[in-house]
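There are 4 protein chains.
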Amino acid sequence: MIVVMKRSASEEDIQAMIEHVEALKMKPVVLRGTERTVIAAIGEERFAGAGSLESGPGVDEVLPILAPYKLASRELRAEPTVVKAGSLTVGGANIGVIAGPCSVENEEQICATARGVKAAGATALRGGAFKPRTSPYSFQGLKEEGLKLLAEAREQTGLAIVTEVVAPDDVELVSEYADVLQIGARNMQNYRLLECAGKSTRPVLLKRGPSATVDEWLLAAEYILDAGNPNVMLCERGIRTFEAHTRFTLPLASVPYVQQKTHLPIVIDPSHGTGHTNLVTAMARAAIAAGADGVIVEVHPNPDKAMSDGYQSLNLPQFQEMMRQCGRIAEAMDRELG
Amino acid sequence: MIVVMKRSASEEDIQAMIEHVEALKMKPVVLRGTERTVIAAIGEERFAGAGSLESGPGVDEVLPILAPYKLASRELRAEPTVVKAGSLTVGGANIGVIAGPCSVENEEQICATARGVKAAGATALRGGAFKPRTSPYSFQGLKEEGLKLLAEAREQTGLAIVTEVVAPDDVELVSEYADVLQIGARNMQNYRLLECAGKSTRPVLLKRGPSATVDEWLLAAEYILDAGNPNVMLCERGIRTFEAHTRFTLPLASVPYVQQKTHLPIVIDPSHGTGHTNLVTAMARAAIAAGADGVIVEVHPNPDKAMSDGYQSLNLPQFQEMMRQCGRIAEAMDRELG
Amino acid sequence: MIVVMKRSASEEDIQAMIEHVEALKMKPVVLRGTERTVIAAIGEERFAGAGSLESGPGVDEVLPILAPYKLASRELRAEPTVVKAGSLTVGGANIGVIAGPCSVENEEQICATARGVKAAGATALRGGAFKPRTSPYSFQGLKEEGLKLLAEAREQTGLAIVTEVVAPDDVELVSEYADVLQIGARNMQNYRLLECAGKSTRPVLLKRGPSATVDEWLLAAEYILDAGNPNVMLCERGIRTFEAHTRFTLPLASVPYVQQKTHLPIVIDPSHGTGHTNLVTAMARAAIAAGADGVIVEVHPNPDKAMSDGYQSLNLPQFQEMMRQCGRIAEAMDRELG
Amino acid sequence: MIVVMKRSASEEDIQAMIEHVEALKMKPVVLRGTERTVIAAIGEERFAGAGSLESGPGVDEVLPILAPYKLASRELRAEPTVVKAGSLTVGGANIGVIAGPCSVENEEQICATARGVKAAGATALRGGAFKPRTSPYSFQGLKEEGLKLLAEAREQTGLAIVTEVVAPDDVELVSEYADVLQIGARNMQNYRLLECAGKSTRPVLLKRGPSATVDEWLLAAEYILDAGNPNVMLCERGIRTFEAHTRFTLPLASVPYVQQKTHLPIVIDPSHGTGHTNLVTAMARAAIAAGADGVIVEVHPNPDKAMSDGYQSLNLPQFQEMMRQCGRIAEAMDRELG
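Going down the list, the sequences are from chains A, B, C and D.
The first sequence lines up with residues 1 to 338 when you count with the numbering used here.
The second sequence lines up with residues 1 to 338 when you count with the numbering used here.
The third sequence lines up with residues 1 to 338 when you count with the numbering used here.
The fourth sequence lines up with residues 1 to 338 when you count with the numbering used here.
Think of the hints as simulated: they come from the structure by calculation, not from any bench.
Positions of the beta carbon are idealized from the N, C-alpha and C atoms, including for glycine.
Take the hints with a grain of salt, since some may be wrong.
The calculated DSBU-like cross-link candidates involving lysine-lysine, where the alpha carbons are at most 30 angstroms apart (straight line), are [to be verified]: (1) 27(A) / 6(D); (2) 70(C) / 143(D); (3) 305(B) / 25(A).
Incomplete in silico selection of chain C near chain A, CB under 8 angstroms [said to hold, decoys possible]: (4) 57; (5) 175; (6) 200; (7) 249.
Restraint-style ranges between C-beta atoms, simulated for each label pair [said to hold, decoys possible]: (8) 143(D) / 302(A): 49 to 59 angstroms; (9) 230(B) / 143(A): 26 to 36 angstroms; (10) 321(A) / 317(C): 30 to 40 angstroms; (11) 92(D) / 64(A): 34 to 44 angstroms; (12) 77(A) / 227(C): 37 to 47 angstroms; (13) 44(D) / 152(C): 32 to 42 angstroms; (14) 317(D) / 173(C): 48 to 58 angstroms; (15) 75(C) / 119(A): 29 to 39 angstroms; (16) 317(C) / 63(B): 49 to 59 angstroms; (17) 76(D) / 108(B): 43 to 53 angstroms; (18) 34(D) / 34(A): 22 to 32 angstroms.
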């Protein structure tokens, strides 16, 4: 940690900071510049209270040196993690393709979608049974009934099931039916839920919160890893910015950046990341060219009749075309979909 | 709802949309302009599926007309809501002042803080027992032990207790000790938690998520109101922007805007909103001048020894001075602190 | 335009708005809903003053229907514009590759770079002679001397020259040496400069300002088109968001969105868009997969000795490798670099 | 400057960086931690090329220590600067009030406004003659004719004139008529214009660009100061964020932050900062309570007939009421309007 003192800091302030750093079991090194004094604190900086150094007299700012996460760090584990769950493989030469509707609506809808996306090459089925909805007046999902329909769709197609869990108490129930637990963007910092997912044996797809920094996102992954579950897939689904022509802004530079910082695989969600059907395919292609280990895409047999998110869903012919185009990009990356 | 058709939309597309609007039980009015056709859909637009109109053939965009929230709306209830909880009143002529440490650390710390902030004029004590922390390696709070210490501090000072609840299962326990349940920014869209808080008899302080729009924030309040709890205080604590010299950006225009849109009172948190001790007092003054119904401020007897958030906490003399200055601003607003 | 009246608007307010709309030469259509009245104003809404309707008594908000730009609009001109300037073609089957250093530093540096990027397949040379720099203490460019060195590099390689112009008075001088005038992000709304560039016969590369909406960017293009210059290339180089691990956030969804809204070609700048050498190649690949019509990349023979922007420049071997990878992606898109 | 090496950096990489730092005439101090090596570079870091250290082999990141601006720095000059221009004083005990229309439209409009705002207590008149407009189809201002009308309004009222200059060539002309040169947000990084304004004898009101960091804003001021003009007023007018219910987000924490970093006075623009008439007064009060040295407010006799920005203009009675309320806040701050 680097403590930058104010130009006006007194010798006494500097001494106080030296003692403070020592009390935190770090070794202080004092660097006197022409304009300011800087105190480097060498040692383990990942613990409560270090940030509070900033309140010390004469302190201007405190700059961290070490990444705040450990288990997620590529420095700890150089080999990329490959996550497998039934028919789904994410990482390595395989680019996983998770497709399906926003919400499970009924048996026909989910099974027809499952068959359609499977035929087009998808390797897992997504579908929400427990839906976190912005408005209390919106459709909240079929709950356990929806989970059963997902299991039925798996039965028919062999596709692994990816579905969201929204509360700690539901982790057990959802784990009975799902192959992968999805933690949604709204719950990225629902730490009780992360801890419960960390105790599950199911792999977890952890969506980035729309205002989370990458460090905060990796620290959320760290909660799951620290609780004992090594199978975490990161999912970038867009951040909130001033751009209004897309629902969120999809920052694909997350892909190479995250791959340099962590060994965990990264999946891109071009549906939420853009919010408009007519932008999804181009961003799925771009995600794969950026090096993504998977994509998760909303597909619905009749988007304009969908109970949620129809405006960003592909229909089946659009999904087939997306798969065709993405397959060519994957090939140019020496990887394959599936 | 206003459906804007593309310039290229065919007569067939327009007919399809008219039928679609009718199927949603709204009345379509077709407006043919020189460049585009617009279809106004008159009726109740707050239900699942309407957004999916955007997927219809020939549709360019869909613009909502009605606010998506109802119970929170000032159009529904013109009279401002005043929330009372023991010594705390928020709204009307009273500007509530909630002060205390980020985390409850031990009896001496919390009781000394309680006595100090009470002497300076605070009307409620804040303090975290269940702490949602970005890193799994940070201090996570004293949990029930912390709640007991808060109750002890109330015993000694008479101050109402405001403390955070982070999981649905904890609502009952926290309600036993607290006068006000705080829902933190990270949990603003933890709907299960909102529903549980909505069934509690305790007033709720609902913090805005750092990337939530005001509509999303009011819809989160709507979850609580809809579950039966009318005592919701909104708390603006800053949004995430590109500004890096403050921890968050505190948009005080939220105060007059929210007061025009909703009857719920609004509290400002200048501590999280700035993230730096030396900016807190100025923003507390500004909040009151903007018309805020309360402020919530982090105060710690020894910020540089605090187990969390010391860098943004006032010490007791700084808090006294803040109260003196804010008192003068309140007077200029014909209101009073307390 | 759609004028949404407040629930509390009186019949008199509605009448006043009807007259106001008529005074603006638009036709008012009154839509009375169950909760609010909406007045649709049919006609040409692209003129000064219409926005001021919002100040009328009883008005809640005003929603525009038509895009504010015309000449740039794809509705006006369905065929994509292909811009050619010497060796550079941007649009159609060709993906232009503009490469070179941030600043022209000396003859050896610019000519060596030109030869190197040409050998690797670049179709134009970039290099700054007039440099807009954030700090007055930074290197400001070689000015006319730099332009001469660029001309010399063109002489040696045949590469078209893309260089920035920062002031209206310089347009003539820069046009003498350059094949393409670059308008930088800081000057996207320097309207006097846009007008001068609009009177030039040189094609213009118009960078998006880091906080400009797409509409504002297309309106800036409209200034150039309206002044008589049809050869405008849009250049997305990233927007300012809360992300701090990249210099800017590169929103590649701009590519398909802009291609749907305008006939102008779009070029991506992964160097400024990420700000870090080790993210550039992945984002160049992604840009091409998203459908970009060109890329502009910073290349320097010795990035760690560069007088500006070394941290985001590729060296020549890195650029060769980028070209190899991007070539494969272009092929998968049925296009080619060059 | 602090150079953080990667965990994987070799001894050779570290040696290369030591030599590189020495070549930049800074003194390297090597700090070997348990996880990483850090090299502190002591000396003057404000020059071209230092940022390029990041490209060195084995480097993870480079953290600056010193503020990049000097002349604007409060460390250089502890005493706050008070700017005077005719009837206007900004700084010290005086809170300047600059009021007037967005655009000068005609003699009656500008003179009536001038008399009205003067009667209500304003100390300067604002009004645009050269208007930078987002759309080429919007009213672009009366140009020199507008300047003459402003001079006429000064004649009648004695109010100092604040008006915008948009191009280097116009600085001389505008300086003939204006008491204060305004540099608009779109031109904050139009360096040629800043240099010309820096050579003028007129004080300059420098608006913050909507995506500029505070450092970038102070560096823009540095251009003016460095060119010889010491009379710079900073003007915060809001930043671009995801908030859509206000035109921009007005971050009032800029006020205390800027006052700690620089000696230059700061003025707040609640009109552009909110974009809605009904939010202006509350934010003007808040600005003064935050400690602002001035406010600049759009006032128009008939906002709904204004040729620009009517939706955010106060009418004269609204401005009078704003002045009454702000006067009380100023008094509570031991300052006075005027």
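Going through the hints against the structure:
Distance hint between residue 27(A) and residue 6(D) is fulfilled; the C-alpha atoms sit about 20 angstroms from each other, no more than 30 angstroms. For the proposed pair residue 70(C) and residue 143(D), the alpha carbon gap of about 26 angstroms is at most 30 angstroms, so the pair holds. Distance check on the hinted pair: residue 305(B) and residue 25(A) sit about 14 angstroms apart at the alpha-carbon level, within 30 angstroms; holds. The criterion of a C-beta within 8 angstroms of any C-beta in chain A is not met by residue 57(C), whose closest approach is roughly 28 angstroms, and the hint is violated.
Annotation: interface hint on residue 175(C) violated; nearest CB of chain A at approximately 33 angstroms, more than 8 angstroms. With a cut of 8 angstroms, the hint placing residue 200(C) at the interface with chain A is violated, because the nearest CB-to-CB distance is about 30 angstroms. Taken as an interface hint, residue 249(C) checks out: its beta carbon lies about 5 angstroms from the nearest beta carbon of chain A, inside 8 angstroms. Evaluation of the 49 to 59 angstroms hint for residue 143(D) and residue 302(A) yields a pass: the beta carbon distance comes to about 57 angstroms.
Between residue 230(B) and residue 143(A) the beta carbons are some 28 angstroms apart, a value that agrees with the proposed interval 26 to 36 angstroms. Look at residue 321(A) against residue 317(C): about 37 angstroms separates their beta carbons, and that is inside 30 to 40 angstroms. Our hint of 34 to 44 angstroms for residue 92(D) and residue 64(A) holds, since their Cβ atoms are close to 39 angstroms apart. A beta carbon spacing of about 57 angstroms between residue 77(A) and residue 227(C) contradicts the range 37 to 47 angstroms that was offered as a hint.
For residue 44(D) and residue 152(C), the hinted distance range of 32 to 42 angstroms is satisfied, since their beta carbons lie about 34 angstroms from each other. A hinted range of 48 to 58 angstroms for the beta carbons of residue 317(D) and residue 173(C) is consistent with their spacing of about 53 angstroms. For the pair residue 75(C) and residue 119(A), the beta carbons lie near 37 angstroms from each other, so the given range of 29 to 39 angstroms is met. At about 51 angstroms, the beta-carbon gap between residue 317(C) and residue 63(B) stays in the expected band of 49 to 59 angstroms.
With their beta carbons about 44 angstroms apart, residue 76(D) and residue 108(B) fall inside the hinted range of 43 to 53 angstroms. Taking 22 to 32 angstroms as the suggested C-beta distance range, the pair residue 34(D) and residue 34(A) conforms, at roughly 30 angstroms.
When the structure is compared with the earlier hints, violations turn up for hints 4, 5, 6, 12 and for no others.
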